[in-house]
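Novice: Sequence:
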Amino acid sequence: MKPGQPSVPANVASLRPFVAAGVFGPAEVQLAAVVERLCGSIDPLVVLAIAVAARGPRLGHVCIDLDEVDQLIVESTEDRAELSWPEVDVWASALRSSHAVASPDDFRQEPFRPLVFDGRRVYLQRYFDYEVSVADQLISRSAPRGATELGARRNGDLEALLDKVFGIEDSDGSDRQRQAARVAMDNEVSVIAGGPGTGKTRTVARLLVVAEALALGAGRTLDIALAAPTGKAAARMTEAVAAELRAAVGEGVLSEEQADALAGIDAMTLHRLLGWAPGMSFRHNHDHPLPHDVVVVDETSMVPLQLMARLLDALKPTARIVLVGDPFQLASVEAGSVLDDVVGPVPLVDPEAYPDAPLSGRITVLERMHRFAPDSPIAALADAVRDGDVDKALDLLSSASDMVEWIHPDDGAALHELRQRVIGAALDVVGAASEGDGVQGLEAAKRIKVLAATRQGEFGLYDWNDRIESAVAASVPLFDGSSVFYVGRPIIVSANDYLNDVLNGDVGLVVRQGDRSAVAFVEGSGLRYLSASRLDRVETWWAMTIHKSQGSEFPHAVVSLPLRPSPVLSRELLYTAVTRARERLSIVASEEALTAAINRPVARASGLAERLWRSGHDDDA
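Position 93 of the sequence shown, counted from 1, bears residue number 111 in the working numbering, the numbering being contiguous throughout.
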């Protein structure tokens with residue numbers, strides 16, 4: 019046994035070759051051993067399936083398809099060649115006949131069985147339960163209900179409101195934002211999908227105006243909730259919706275009073291919305307539903323399957339939900355790719371090809387990009403990465419542009435110049451913080467941001483943070499590197515801290531206040547300050563991981579990939595990083611790493627898309 023490998027109990031000895039290859043760790047081995055002891059006399063093929071099903075969620079998979087098991091859970095091509103997996107039909111037969119495995123028809127019946135086998139997919143029971151729950155809720159809420167609760171369409175009320183809020187519709191009906199609002203008013207479930215800058219927030223703000231006006235016309239008011247998976251995404255949603263509402267006031271679309279009422283709805287994390295508390299389950303569930311009439315969820319691509327199941331279960335029967343996000347971005351760090359599964363084939367094929375699917379007609383894909391000019395190289399690069407077009411992406415990166423630059427890791431001069439730009443912004447941060455100016459300091463900290471694909475290694479998060487911090491310490495006499503919370507240190511919160519009202523992803527800056535220092539956080543149009551001694555779950559924010567950057571945008575984004583191809587590199591990771599840039603993009607990467615990322619779409623195993631979209635083609639299944 020190699021150092022660091024878990025010991026394998028005798029009752030699951032069949033797992034030893036897979037443990038030796040690094041496929042299974044202690045969690046999978048111990049679960050399989052416990053189940054084998056409790057259930058007794060389990061076929062070794064079922065033991066292997068338990069370990070496989072347990073490994074899947076740790077890699078983002080909801081289930082594992084037996085036909086693709088080596089591709090889904092074995093990262094090394096050498097190990098794939100060396101490992102011997104069971105013949106699939108034999109494996110499936112063992113699972114169907116085992117008393118430790120449930121079928122889709124009896125998985126909730128006692129006695130409890132740890133596995134569910136559905137066709138060729140094997141699940142841990144609770145993940146199968148989550149998937150079925152999400153599918154059932156979405157299908158049920160997509161069933162026709164008759165007249166909408168938000169107001170009847172008599173006398174053209176809705177169309178008149180849409181004309182006022184979105185403008186008169188073109189004869190070709192090409193205004194996707196208006197279409198998305200209409201779909202949200204007509205359905206209990208709707209989805210607004212689109213890339214960055216396509217107007218998702220504008221659409222949300224204005225559909226809220228329409229919904230509120232329809233309700234008032236019907237003699238009632240609406241209870242609206244805005245939510246997002248992280249504190250940072252929730253704060254950005256609050257700010258963005260408020261800005262869109264102010265723009266609507268300027269256009270005469272709604273009054274100051276109406277805007278103030280809607281702008282007073284602060285977005286919150288999904289955990290806070292559902293009433294999570296340490297050591298407790300969610301306060302809101304099927305028996306104690308949320309009071310809201312409308313729930314809008316932003317950055318839905320980051321919502322894991324388990325949390326989506328909890329949210330849908332907690333909606334009251336008459337509530338409507340609007341899911342908003344970019345299905346091409348990184349999925350949740352936990353299991354599932356819910357938004358991608360829910361959107362399904364809509365962006366790729368004519369949705370009319372699935373006329374009987376429950377969500378058909380309820381998904382609007384916004385395609386027109388407003389953030390960038392039509393000829394923007396950032397937008398073109400994002401499209402090429404999203405489409406998996408390596409040649410086009412490399413051509414765009416190789417072309418001279420004021421907006422996009424490609425720096426090879428061995429180009430010392432270009433790399434030095436880029437680092438000096440990053441360090442220059444960092445010195446501005448420290449200078450403003452030393453003068454007690456948290457507003458200017460935080461603005462400087464956001465002006466140029468390094469987004470690293472990895473934490474470790476050259477060009478990783480820690481490498482960038484150390485280089486920037488050391489350069490600042492060498493240049494600024496007032497900088498005290500011996501103090502953890504030195505004046506000028508930008509920080510990012512790494513875990514929700516409800517006691518101090520800071521959430522995972524919130525950013526702050528240590529600023530001087532007289533002879534003391536405090537951490538400044540943006541709050542509304544101003545700042546609030548916390549003593550550094552009250553914060554213990556924070557990291558330095560000179561650089562950040564690409565995963566942490568989701569929901570953010572920066573005037574200048576510096577994307578840093580590892581020197582050599584790594585399993586962490588994926589098309590979605592690079593697309594997410596590229597689309598964080600608003601005005602300028604610098605990519606530090608080898609051609610080999612870029613090619614590996616663009617060629618590797620994330621393949622998350624799940625049965626949710628099939629449950630939601632197969633009905634249009636059931637006869638062919």
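For the record, the hints were derived by calculation from the structure and aren't laboratory data.
Glycine included, every Cβ here is placed at the ideal spot set by N, Cα and C.
Among the clues, some could well be false.
[Unchecked claim] Restraint-style ranges between C-beta atoms, simulated for each label pair:
no., residue 1, residue 2, range
1, Glu-275, Gly-532, 15 to 21 Å
2, Pro-62, Pro-309, 26 to 32 Å
3, Asn-303, Glu-275, 42 to 48 Å
4, Gly-442, Arg-301, 47 to 53 Å
5, Asp-124, Pro-104, 22 to 28 Å
6, Asp-393, Val-620, 28 to 34 Å
Novice: Tell me, in ascending order, the numbers of any earlier hints that this structure violates.
Specialist: Per hint list: 1, 2, 3 violated.
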